[in-house]
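Protein chains in written order, with my numbering: chain A, 1 to 280; chain B, 1001 to 1310.
Keep in mind that a hint or two might mislead.
Restraint ranges, calculated between C-beta atoms of paired labels, are given here [to be verified]:
#1 A/P110 x B/T1302: 56 to 62 Å
#2 B/K1291 x A/N64: 40 to 46 Å
#3 B/R1310 x A/D140: 30 to 36 Å
#4 A/Q31 x B/T1302: 39 to 45 Å
#5 A/A95 x B/E1260: 42 to 48 Å
#6 B/G1211 x A/K111: 39 to 45 Å
#7 B/N1265 x A/K169: 24 to 30 Å
#8 A/K272 x B/D1287: 31 to 37 Å
#9 B/S1095 x A/G275: 56 to 62 Å
Listed next, the in silico DSS-like pairs over lysine-lysine satisfying Cα-Cα at most 25 Å (straight line) [stated by the list, open to error]:
#10 A/K58 x A/K91
#11 A/K29 x B/K1041
#12 A/K13 x A/K234
#13 B/K1148 x B/K1003
#14 A/K29 x A/K91
#15 B/K1291 x A/K111
#16 B/K1292 x A/K111
#17 B/K1148 x B/K1237
#18 A/K254 x B/K1041
#19 B/K1041 x B/K1069
#20 B/K1291 x A/K29
Which chain B residues stay away from chain A? Per the calculated CB distances, all over 12 Å, these [unchecked claim]:
#21 D1029
#22 A1062
#23 I1151
#24 L1305
Since the hints were derived computationally from the structure, they do not count as laboratory data.
The C-beta atom is built at its ideal place from N, Cα and C for all residues, glycine as well.
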Amino acid sequence: MATIDKKRVEELKEICAEMRIDLIKQLHKIQTGHPGGSLSVCEILALLYLEIANVDAKNPKCPNRDRIVLTKGHAAPMLYLALAKAGFIPKEEFATLRQLNSRLQGHPCPKTTPGVETASGPMGIGLSAAIGMALALKLDKNPAKVYAIMGDGELNEGTVWEACMSAAKYAVDNLTVIVDLNGVQLDGTNDEIMPMLNLEAKFAAFGFEVLSCDGHDIVDIYETIHKANAIKGKPCVILANTVKGKGVSFMEGKNSWHGAPIGAAEFAQAMKDLGGDIDG
Amino acid sequence: MAKTIRDVYGESLVKYGATDDRIIVLDADVSNSTKSIIFGKEFPDRFFNVGIAEANMAAMAAGFAACGKIPFINTFATFLNTLGLLSARIYGSYSNWNMKFMGAYGGVSDSFDGPTHHSIEDITIFRSLPNFQVLVATDARHTAWLVKNAIDHDGPMYIRLSRNAVPDVYDDNATFTPGKGNILREGDDVTIIACGLMVKEALDAAETLAGQGISARVVDMFSIKPIDTQLIVDSAKKSKLIVTAEEHSIIGGLGGAVAEVLSANGCGVKQAFVGLNDVHAETGPTDTLMKKYGLSAENIMTQTLKGLGR
Ligand SMILES: Cc1ncc(C[n+]2csc(CCOP(=O)(O)OP(=O)(O)O)c2C)c(N)n1
Ligand SMILES: [Mg+2]
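In isolation and in its complexed conformation, chain A is listed as follows (with noise of 0.2 Å):
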């Protein structure tokens, strides 16, 4: 089984912890964005990128590399993050993020930013454009492996089935589906809103392997992510267990913080939970 070291995985906690600090301190400057499900899907993002996938910021477009789709686009700013942390693009760029003239979107766009595979945002079709991908690369005889991430909340769309369909008709087996799997949408719980009741039996009816791990342990993913990717002959998904808003206390678990705007006190809060600095 693959396995990753624990100097690499001290590594990446630490990549991430930053990555929570950049993301807060730059949506409190520009008041707003979505706090709530970039910090759910920050290890997940860490991981493909820094990690697992085999992606290279000098040449984005390589015909090898590992296609990563958001398909949840609103977590746009964590992604610009581990794309910076990548070297895709500088840093500082980050500061930009939801400003005019800006290669940094609110919503991930492929013909402005070097690393983005597809524009998401509306959420149901990402899914299927990774299918598509996946299928091309094989009729390419091409090794290159397709990643999508999801939303809970995002499983409401009914394309999202049609999506699960095809890829179990298909067999594609080029692709891993990782579900950030925080039980929070828009308005409310995933209860509350639309229950979506026993997703490992409903995945695996529509004819994917289900498997799943804790969305913010490193070795979790970095583990599950290999034994869904050796998994030949049908699709695969992975449901990651996260907590909306992971990491700020007051965000935690709360759909009242999917996309709002962070005040002063709060600022102030979240950086005490984050061990960052509310001057720097």
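Dock chain B with the ligands against chain A, hints included.
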């Protein structure tokens, strides 16, 4: 500055929906954004949040309409004319069922979320559907009227709302007539026909133009379909130039609707189109974004002067 358009909208649903059991409100996990939640809290039995499932929501709404209810279908405007379009066409347009498609975050009003969340084609798309009426909210008072008017009219309707607080164009004495434009300022040289947020920009432009000796009539053409043909033809007779102004693509929206009237009636007057010039905008603050993309009094001025050959 008045209240936000979306707050006024949510409150109006409560006001007019309170005494009318036919009113049903549906949302797709954005009720905190569209403010349909204000109705949802008051009348939970008539409020249906179906999750992030817009196509499902629009088709469910059709079922309510088929049974005599008046469904108000809420999500961001851009998702209505994409994911909701099949039901709009088959159940709203073709079947002529009484469905109200309420486009929150019209134009670039959800500015920071960027082009994926802007709605710049909605007027064109819904205008092309037979039986549909298409209306655009001008300001807070007008928004309240739009809700009442939607209940009073039996038939499919698309109403474009907006996200933020916008300057008042109307006071409490304002009146609105279905299918009629409102003349907000008289003038003889040019007529500026605008809708939504661009009405205020048109009024500002007219004021500046007056300083340069150009008198402009300003019309709020909030009803894009049906459109006030008579008012357009009358304006064309006395104007050297018609300027249309909309927070929308210049292709097929208000500008297109006015151009159809002008040419069908042989008006022979030149038209200048102010709007998004066949481009997607970008992320940024609403005011600077609108300036950069020509959705401004300044650009109405520029296009007017250019159109008049000055
Ligand atoms: C088609 C579509 N409908 C609605 C929205 C508005 N929206 C953005 S994020 C969101 C909630 C997403 O919840 P979830 O998928 O659980 O994301 P997470 O909890 O990871 O932030 C909604 C409704 C959208 N972006 N796209
Ligand atoms: Mg979620």
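Verification of the supplied hints:
Range check, A/P110 to B/T1302: about 34 Å between beta-carbon atoms, so the 56 to 62 Å window is missed. Against the hinted window of 40 to 46 Å, the Cβ-Cβ separation of B/K1291 and A/N64 comes to about 44 Å, which satisfies the hint. A hinted range of 30 to 36 Å for the beta carbons of B/R1310 and A/D140 is inconsistent with their spacing of about 59 Å. For A/Q31 paired with B/T1302, a C-beta distance near 32 Å fails the hint of 39 to 45 Å.
Hint check: A/A95 to B/E1260, Cβ distance near 47 Å, so the stated range 42 to 48 Å holds. Checked against the given bound of 39 to 45 Å, the beta carbons of B/G1211 and A/K111, roughly 42 Å apart, stay inside it. Range check, B/N1265 to A/K169: Cβ separation about 55 Å, and the 24 to 30 Å hint is violated. Between A/K272 and B/D1287 the Cβ separation comes to about 34 Å, which falls inside the hinted range of 31 to 37 Å.
Between B/S1095 and A/G275 the Cβ separation comes to about 59 Å, which falls inside the hinted range of 56 to 62 Å. For a cut-off of 25 Å, the pair hint linking A/K58 to A/K91 stands: about 15 Å separates their Cα positions. Taking the CA atoms of A/K29 and B/K1041, the gap is about 32 Å. The hint is violated against a cut of 25 Å. For the hint pairing A/K13 with A/K234, the CA-to-CA distance comes to about 32 Å; that exceeds 25 Å, so the pair is violated.
Of the supplied pair hints, the one linking B/K1148 and B/K1003 holds, its CA atoms being roughly 18 Å apart against a limit of 25 Å. Distance check on the hinted pair: A/K29 and A/K91 sit about 16 Å apart at the alpha-carbon level, within 25 Å; holds. In summary, the hint linking B/K1291 to A/K111 is supported, as the alpha carbons are separated by about 23 Å, within the 25 Å threshold. Between B/K1292 and A/K111 the CA atoms are separated by roughly 20 Å; this keeps the pair inside 25 Å, and the hint holds.
In summary, the hint linking B/K1148 to B/K1237 is not supported, as the alpha carbons are separated by about 34 Å, beyond the 25 Å threshold. With a C-alpha separation of about 19 Å, the suggested pair A/K254 and B/K1041 falls inside the 25 Å cut-off, and the hint holds. Between B/K1041 and B/K1069 the CA atoms are separated by roughly 19 Å; this keeps the pair inside 25 Å, and the hint holds. For a cut-off of 25 Å, the pair hint linking B/K1291 to A/K29 stands: about 23 Å separates their Cα positions.
The beta carbon of B/D1029 sits about 5 Å from the closest Cβ of chain A, which is not more than 12 Å, so the claim that it is off the interface is violated. No Cβ of chain A approaches the Cβ of B/A1062 within 12 Å, the least distance being about 16 Å, so the stated non-interface status holds. The beta carbon of B/I1151 sits about 25 Å from the closest Cβ of chain A, which is more than 12 Å, so the claim that it is off the interface holds. At the 12 Å boundary, the C-beta of B/L1305 stays outside the reach of chain A, the nearest C-beta of that chain being 26 Å off.
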